[in-house]
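S.K.: Based on the sequences and whatever the hints tell you, model everything.
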Amino acid sequence: MKNVALVFYFLVVLSTSLFSQIYQWDWVEKIEGNGTQNITALHCGNGKVFHAGTFQDTVEIGVDPYIAEGVSDAFLCVYNDSNVLIKKIIFHGNGVESIGSVLTDNSGNFWLIGETSDTLKFDNNVLPNTSGNTVFILKFDQNFMLVSSKMNSGPASAYVSGPVATWNHENSRIVISGNVSGNNVFFDGTEIASNTVFTASYNPGSNQFEWASQFNCDASVKDIVICDSGYIYLSGSFHHIYIPSQGLSMNASSGADGFLMKCDTSGNLLWVSRIGGYYDEQLSSIEFTDNQNVVVTGYISTTGTIVSSYNWLLDTITPYGPYNMGDMVLAKYSPAGEVIQVKTAGGNNSDKGYDIGKDQNGLLYISGSVVWSYQDSIWFDSIGFLHYGGHVPFVAIYDQDLNPLHVFYSQYCDHTEAQKLAILNDSSIYTSGTFCGESTFSDIIIQSSDLCPGSWDVSDVFISHIRKANMFGRIQGTLYLSGNPLEFIVSLFQKTGPSDASFIMKKWTDYQGHYYFDVYSPGEYFVRGETYDHCPTYYLKEYLWTEAELFDIQSDTLIDNIDIHLFVNQNLGGNNEISGTVYSQDSIPLQWVRLILTDTIGTFIAMEYSDSIGFYKFTNIPAGTYNLLADTSGINISSYYTITINDAKASYSDYDFIMCMNSMICTLGEVGIAKPAHQLNCIFPNPASNFFVINAENIIPESISLYSIDGKEIQISVHARDHQCQVTLNEDISGLCLLKFKTSNDEFVSRMVLIQQ
549 MKNVALVFYF
559 LVVLSTSLFS
569 QIYQWDWVEK
579 IEGNGTQNIT
589 ALHCGNGKVF
599 HAGTFQDTVE
609 IGVDPYIAEG
619 VSDAFLCVYN
629 DSNVLIKKII
639 FHGNGVESIG
649 SVLTDNSGNF
659 WLIGETSDTL
669 KFDNNVLPNT
679 SGNTVFILKF
689 DQNFMLVSSK
699 MNSGPASAYV
709 SGPVATWNHE
719 NSRIVISGNV
729 SGNNVFFDGT
739 EIASNTVFTA
749 SYNPGSNQFE
759 WASQFNCDAS
769 VKDIVICDSG
779 YIYLSGSFHH
789 IYIPSQGLSM
799 NASSGADGFL
809 MKCDTSGNLL
819 WVSRIGGYYD
829 EQLSSIEFTD
839 NQNVVVTGYI
849 STTGTIVSSY
859 NWLLDTITPY
869 GPYNMGDMVL
879 AKYSPAGEVI
889 QVKTAGGNNS
899 DKGYDIGKDQ
909 NGLLYISGSV
919 VWSYQDSIWF
929 DSIGFLHYGG
939 HVPFVAIYDQ
949 DLNPLHVFYS
959 QYCDHTEAQK
969 LAILNDSSIY
979 TSGTFCGEST
989 FSDIIIQSSD
999 LCPGSWDVSD
1009 VFISHIRKAN
1019 MFGRIQGTLY
1029 LSGNPLEFIV
1039 SLFQKTGPSD
1049 ASFIMKKWTD
1059 YQGHYYFDVY
1069 SPGEYFVRGE
1079 TYDHCPTYYL
1089 KEYLWTEAEL
1099 FDIQSDTLID
1109 NIDIHLFVNQ
1119 NLGGNNEISG
1129 TVYSQDSIPL
1139 QWVRLILTDT
1149 IGTFIAMEYS
1159 DSIGFYKFTN
1169 IPAGTYNLLA
1179 DTSGINISSY
1189 YTITINDAKA
1199 SYSDYDFIMC
1209 MNSMICTLGE
1219 VGIAKPAHQL
1229 NCIFPNPASN
1239 FFVINAENII
1249 PESISLYSID
1259 GKEIQISVHA
1269 RDHQCQVTLN
1279 EDISGLCLLK
1289 FKTSNDEFVS
1299 RMVLIQQ
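Take the position in the sequence shown, starting the count at 1, then add 548; the result is the number in the numbering used here.
Incorrect hints may have been included.
To be verified - The calculated DSS-like cross-link candidates involving lysine-lysine, where the alpha carbons are at most 30 Å apart (straight line), are:
#: 1; residue 1: 669; residue 2: 596
#: 2; residue 1: 687; residue 2: 906
#: 3; residue 1: 1055; residue 2: 578
#: 4; residue 1: 891; residue 2: 1055
#: 5; residue 1: 635; residue 2: 906
#: 6; residue 1: 1055; residue 2: 1043
#: 7; residue 1: 596; residue 2: 1016
#: 8; residue 1: 636; residue 2: 1016
#: 9; residue 1: 596; residue 2: 578
#: 10; residue 1: 578; residue 2: 635
#: 11; residue 1: 635; residue 2: 669
#: 12; residue 1: 578; residue 2: 636
#: 13; residue 1: 635; residue 2: 596
#: 14; residue 1: 880; residue 2: 891
#: 15; residue 1: 891; residue 2: 1016
#: 16; residue 1: 578; residue 2: 687
#: 17; residue 1: 1016; residue 2: 1055
#: 18; residue 1: 636; residue 2: 906
#: 19; residue 1: 906; residue 2: 880
#: 20; residue 1: 1016; residue 2: 578
#: 21; residue 1: 636; residue 2: 596
#: 22; residue 1: 687; residue 2: 635
#: 23; residue 1: 636; residue 2: 669
#: 24; residue 1: 636; residue 2: 687
#: 25; residue 1: 906; residue 2: 596
#: 26; residue 1: 687; residue 2: 596
#: 27; residue 1: 1043; residue 2: 1016
#: 28; residue 1: 891; residue 2: 906
#: 29; residue 1: 1016; residue 2: 635
#: 30; residue 1: 906; residue 2: 578
#: 31; residue 1: 1016; residue 2: 880
#: 32; residue 1: 1055; residue 2: 906
#: 33; residue 1: 1016; residue 2: 906
#: 34; residue 1: 578; residue 2: 669
Claimed, not checked - Restraint ranges, calculated between C-beta atoms of paired labels, are given here:
#: 35; residue 1: 1032; residue 2: 1147; range: 21 to 29 Å
#: 36; residue 1: 731; residue 2: 695; range: 26 to 34 Å
#: 37; residue 1: 606; residue 2: 1062; range: 45 to 53 Å
#: 38; residue 1: 635; residue 2: 1104; range: 35 to 43 Å
What the hints contain is simulated information worked out from the structure, not anything from laboratory work. Where is the CB? At the ideal position from N, CA and C, for every residue including glycine.
M.R.: Pasting the structure below:
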């Protein structure tokens, strides 16, 4: 059994040189079902957020279930700038339906560009499709009413797939790119051959395709953008590109390579660049710098190469780490196609960049995912971090010289990827993607509907909002164990009342034990260092948290050198023992109850935990007077003995603790939330029925969740939506837990409880 104590030493320093912006997830919404859900588009425009994807079988959006009629159907969710869902449109068909792009104009209208393999049905609209898999273009007004529609034509055996689109603002045209297979297709008067990549220009005024071009490519287009001069850029992945008129024949080095193409205003190729490696590579998304250089993000696997038809010079791309399985790649080109700069970021596993955007200040935002491996540090140049989990989403902020300024990431996720990114009103960043299992976004935890047994291919969809705000301060320090830096968990809490605290966030230290917390609102905070035991220690100073040292954070405050020293109990030099047993009121032995020995003024002496039969023992205690405390919650001391020891008696035994075991009852009254009347440090039996009972008057409880002390959800949320709700415990749950429930007016109540099997 490990015995640890927690001591803090700190120095307060005031500084104005802090990073001026911080980023915090403050809203996450999931779309879940019993099949596979995917994200296909995310767009911000006209003060709204447009979120599109596909689903199979049954999906739940908000509180409403929808059933797919074909292989997969499409959904569009529209949110206002307060993250309120204001419109849902479900697109049905008997085959495959999806939305590849959402575009907006300055008049409140929006366009959806996607594909369908059957008659398309949505709201009260039915759009017949007599061709095969076709591209559709739908225009809606600001009231979400359909204004016009357009599809390409072709035989039933023709397939147009993967369409992406962008605005040509110079002449108010929509330019679309995608793939053609199976048979030739027609964009009004222009025929496009099978097994090609096409580009087509659509005139919204005449509802006609004005021109279309093609490349003989085995490729998949992921993004299309148009620069201020009207030139068209495409990116994606390919196996081969063959354009005889240009004398161009390019094959992937192995698997699929990433490509970036520049075309003229009619879709004719000007230059192409390739990024290749040992497995599969992709260039996923394109953005422009202020001087019209081109920046593209994506990913490579192992050591790669980059070459451009600008000069055909082959350069090597070196990833991070000796055992690298893939890195995010970020490349910058001149308008003429010259490779100006290439950077990679990641660790020893498969790390990817998916989307890129630019704010009004010219900063570049890249979303993607990094994959955990043992002691794997993730590096963006000099910015490094550790995380615990599987695939973890991130947003990295770069300047236009490709220098990383900040990386914002999740601490724990099973399998989550931030595949799309959009920026609204310059201060709101949205990401969306897929997730499976459990995902943590700051202090928001979501759970997928399917735990993905044996496969990560089954996924749900999330959309999240990241708040960009001015930072009020930073708390930073180092975690030590017996004088050595410790790589482990540190948590931040904010004082909310005389004896209450609210959890803010937690993070892993780096491999040197360093940690920092960015604080975006003024207040009093304290920091907790974790241990490997089931019941962690919370405090900065003493073992009553109300006596903890609080950091008063105001504007531009840097609280530095908050070093957390964890150390093993030392031989105290005495000959005496103190022992006893911890029981429930039903005489059941209780394990993992923390026993603390202090002097009479509360200074820490030693700490032990009760074992599997409830027994604990302190040894090598010198003569003196001590307080012996049983701490069941990590926040409040439940009861204590005062013991005077002299050398005439060597063993002081039978200092037993009997812990109450109650049901927790919370009352939600007309004016808000009332705290339960009993102590918050109760131990609860397991299994137990009616463990948690809510009685409400005008406020309706919406969800109840139970989390382990490290923030991992251990009982799936119960959706109450009634004025009374009772929760029965899962028999597998034991140990120190955090109980959280949410009400209909978005208030949260959190309580720390110890559950004992």
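S.K.: Against this structure, judge whether each hint is valid.
M.R.: Tested hints:
Proximity of residue 669 to residue 596 is assessed by CA-CA distance (about 24 Å); at most 30 Å being required, the pair is judged to hold. Annotation: proposed proximity of residue 687 to residue 906 holds, straight-line Cα distance about 26 Å (limit 30 Å). Restraint check for residue 1055 and residue 578: the C-alpha separation of about 23 Å stays at or below 30 Å, so the hint holds. Note on residue 891 and residue 1055: the hinted pairing holds, with a Cα-Cα distance of about 27 Å set against a maximum of 30 Å.
A threshold of 30 Å between alpha carbons decides the hint, and for residue 635 with residue 906 the separation of about 27 Å falls inside it, so the pair holds. Taking the CA atoms of residue 1055 and residue 1043, the gap is about 19 Å. The hint holds against a cut of 30 Å. At roughly 17 Å between alpha-carbon atoms, residue 596 and residue 1016 fall within 30 Å of each other, so this suggested pair holds. Distance hint between residue 636 and residue 1016 is fulfilled; the C-alpha atoms sit about 27 Å from each other, no more than 30 Å.
For the suggested pair residue 596 and residue 578, the alpha carbons sit about 18 Å apart, so the restraint of at most 30 Å is met. Using a Cα cut-off of 30 Å, the hinted pair residue 578 and residue 635 holds, with the two alpha carbons roughly 16 Å apart. Distance hint between residue 635 and residue 669 is fulfilled; the C-alpha atoms sit about 16 Å from each other, no more than 30 Å. A hinted pair counts as satisfied when its Cα atoms are at most 30 Å apart, and residue 578 with residue 636 qualifies at roughly 14 Å.
Among the hinted pairs, residue 635 with residue 596 is consistent with the structure: their alpha-carbon atoms are about 11 Å apart, no more than 30 Å. Restraint check: the Cα-Cα separation between residue 880 and residue 891 comes to about 9 Å, which is no more than 30 Å; the hinted pair holds. Distance restraint check for residue 891 and residue 1016: the Cα-Cα separation of roughly 25 Å lies within the 30 Å cut-off, and the hinted pair is therefore satisfied. A C-alpha spacing of about 27 Å is found between residue 578 and residue 687, which places the hinted pair at or below 30 Å, so the restraint holds.
For the given pair, residue 1016 sits about 19 Å from residue 1055 by alpha-carbon distance, which is consistent with the 30 Å threshold. Simply put, residue 636 and residue 906 have alpha-carbon atoms about 28 Å apart, close enough for the 30 Å limit, and the pair holds. Proximity of residue 906 to residue 880 is assessed by CA-CA distance (about 14 Å); at most 30 Å being required, the pair is judged to hold. The straight-line distance between the Cα atoms of residue 1016 and residue 578 is roughly 21 Å, inside the 30 Å bound, and the hint therefore holds.
Proximity of residue 636 to residue 596 is assessed by CA-CA distance (about 13 Å); at most 30 Å being required, the pair is judged to hold. The hinted pair formed by residue 687 and residue 635 meets the criterion: a straight-line CA distance of about 15 Å does not exceed 30 Å. At most 30 Å may separate the alpha-carbon atoms for a hinted pair to count; residue 636 and residue 669 meet this at roughly 14 Å. Simply put, residue 636 and residue 687 have alpha-carbon atoms about 16 Å apart, close enough for the 30 Å limit, and the pair holds.
Taken as a hint, the residue 906 and residue 596 pair is honoured in the structure, with Cα atoms around 18 Å apart against an allowance of 30 Å. Proximity of residue 687 to residue 596 is assessed by CA-CA distance (about 16 Å); at most 30 Å being required, the pair is judged to hold. Distance restraint check for residue 1043 and residue 1016: the Cα-Cα separation of roughly 23 Å lies within the 30 Å cut-off, and the hinted pair is therefore satisfied. As the CA atoms of residue 891 and residue 906 are separated by approximately 18 Å, the hinted pair is consistent with the 30 Å bound.
For the given pair, residue 1016 sits about 26 Å from residue 635 by alpha-carbon distance, which is consistent with the 30 Å threshold. Taken as a hint, the residue 906 and residue 578 pair is honoured in the structure, with Cα atoms around 25 Å apart against an allowance of 30 Å. Between the alpha carbons of residue 1016 and residue 880 the distance comes to roughly 26 Å, so the proposed pair stays at or under 30 Å and holds. For the hint pairing residue 1055 with residue 906, the CA-to-CA distance comes to about 28 Å; that is within 30 Å, so the pair holds.
At most 30 Å may separate the alpha-carbon atoms for a hinted pair to count; residue 1016 and residue 906 meet this at roughly 14 Å. A hinted pair counts as satisfied when its Cα atoms are at most 30 Å apart, and residue 578 with residue 669 qualifies at roughly 24 Å. Distance hint check for residue 1032 and residue 1147: the Cβ-Cβ separation is about 28 Å, which falls inside the suggested range of 21 to 29 Å. Take residue 731 and residue 695: their Cβ atoms lie about 31 Å apart, and the range 26 to 34 Å holds.
One distance hint, 45 to 53 Å for the beta-carbon pair residue 606 and residue 1062, holds here, with the actual separation near 46 Å. At roughly 42 Å, the beta-carbon separation of residue 635 and residue 1104 lies within the given 35 to 43 Å, and the hint holds.
Of the numbered hints stated above, none is contradicted by the structure.
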